[in-house]
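Colleague: Sequence:
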Amino acid sequence: MASDTLTPCGRRRFLQGAASGLALGALGTMVRPAFAQSSPGLRLEWQQFRNTSGYASYIDAIARMRASSDQNDPNSLAFWANAHAQLCPHGVPYFLAWHRGFIALFEQQLRIISGNDALMLPYWDLYASPTLPSEFTDPASGNPLYTRRVNLDIRGALSLMPFEARIYNFGRGTAYAFEALMESAPHDTCHNFIGGAMITMSAPLDPIFYLFHCNIDRLWHAWALPDGRGMPWTTDPYWSGSHRYGAGVSIPRDQTYYPGRLGYDYSDVSMPSALPPLARSATLRKVSSPAHEANGALTAMQARPPLAALPRSAPRALSAGALSLGGCARFALRDDSFSAGIAPGGSHRHALRALHAALIDEENPSRKEGYRSMHVVLDDLALINLGSFGGYFYQVFLNLPESGTSSPERHFLGTVGPFEIAGAKHHGKAVLRFDASHVLAGLEQAELDAFAVSFVRINGANYPKGESVSVGEMRIELSQKAPAQRRRAASEPKGKCYC
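First residue of the sequence shown? That's 1 in the UniProt record's numbering, and the numbers climb one at a time after it.
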């Protein structure tokens, strides 16, 4: 009997009798996506969900999935962790859309295991309840939701930057893009704070992963309402092809454009408007003002950390189309904040000024000639000692003013922590590249003679002391690859339907 013709009960019986020696392709042969519903199911926030009849079904299904460590069995959390580790995109396009499909497939599998065809995954509202739900932190014997973690309070890892009114662009390759900002914070930063399995590509081993990602998905949906903002229209080539989740299973990319296409909606589709107050137990080791202590991870008045004396790396041609302006080599990120200085010289300064002029003048003929973008690159990254357990991360800025600024987001490049490093290794090499073209375009000419790359350390209540991350080289690169697009695409339809 073909698996795509099985009823839910038939699929359940098929799963229960399946042999254990199945490869990752089992996801495709046994959990073929079937999301079309007469009306979308509703995902509830955890505090609501735990008082519904679906709670018992959810606990039962998670208990069964944790009881097996078989990576070849879709009835095991290990299977889903393995699929995520092999195929998830991090730091590249489709991060949000791929995870939307992944969570929908997992939700479908929960229904199959539990026998409850109406079961919906709940979400954890990080901004309203920044401490892990108590059901996930109770170490009582037999609690399937409990696992060891480093921090339970994630409020210091939250950011409102993705939800600012000026954030219109969506995908990577565009300046101030929602997907990239959202992945940096709150996504990566919360992974780093929580620690444990959550700082690895096997994060789905932790049951909180699924509630956490439901909320990331919900926040994307809330941001996109009512018209999809700058998301590519469904006929755009961006949505061509499919997301892969294993041999024989995929979801067309355009089906992940909108939650309703996968058969669900959320009980609350509002964006956060404020950060929760920092807990007194949270330790934020950073250069900050009272406003920082009150409002969280990235607010006004952040001053540049002091320059550190670091070994230098020489400028050099990296390829026919890429030039290193130099940088710093063989240093460590510690449990404090500091800045690394780079002073381009000679002909390299001329190339930098030409790029700066092209970036700030959209009509400049040189915009399509010579160097077209700038990146800050962290190469050969590795975790040191207790740094591999998580509980911290670094915000990375370019040319923060020495006396502070009311707009630190204009200097923000991204974040670095154990989870980002795991993601970089997942793509083959421990290198993080931050597109700094939009920051460069906002600088004055006088600021081009010297750059300061700042690493601002953010700690949870529990965090490692001393050196946490080793950096083989930090450099500034000029590239002939196209810079981030700062304008709305001319082909974007007005009044398009986000549905």
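Keep in mind that the hints are not guaranteed to be accurate.
Restricting the straight-line Cα-Cα distance to at most 27 angstroms, the calculated cross-link-like pairs of lysine-lysine (DSSO-like) are [stated by the list, open to error]: (1) Lys496 with Lys465; (2) Lys496 with Lys429; (3) Lys481 with Lys425.
Distance windows between CB atoms, simulated [said to hold, decoys possible]: (4) Glu447 with Gly142: 43 to 49 angstroms; (5) Glu135 with Ser403: 42 to 48 angstroms; (6) Ser470 with Val269: 39 to 45 angstroms; (7) Ser242 with Lys465: 42 to 48 angstroms.
Quick caveat, the hints were computed from the structure, so don't treat them as lab data.
We put the CB at the ideal spot given by N, CA and C, even for glycine.
Colleague: Work down the list of hints and note, for each, if the structure agrees.
Modeller: Do the hints match the structure? See the list:
1. Lys496 with Lys465: violated, 51 angstroms
2. Lys496 with Lys429: It is violated: about 40 angstroms lies between the C-alpha atoms, which goes past 27 angstroms.
3. Lys481 with Lys425: Given that 27 angstroms is the threshold and the Cα spacing comes to 23 angstroms, the pair holds.
4. Glu447 with Gly142: 43 to 49 angstroms: Because 59 angstroms falls outside the window, the suggested range is violated.
5. Glu135 with Ser403: 42 to 48 angstroms: Holds, since Glu135 and Ser403 (Cβ atoms, about 46 angstroms apart) stay within the stated range.
6. Ser470 with Val269: 39 to 45 angstroms: holds, 42 angstroms
7. Ser242 with Lys465: 42 to 48 angstroms: Taking Cβ atoms as reference, Ser242 and Lys465 lie about 46 angstroms apart, which means the hint holds.
Consistency note: the structure conflicts with the earlier hints numbered 1, 2 and 4.
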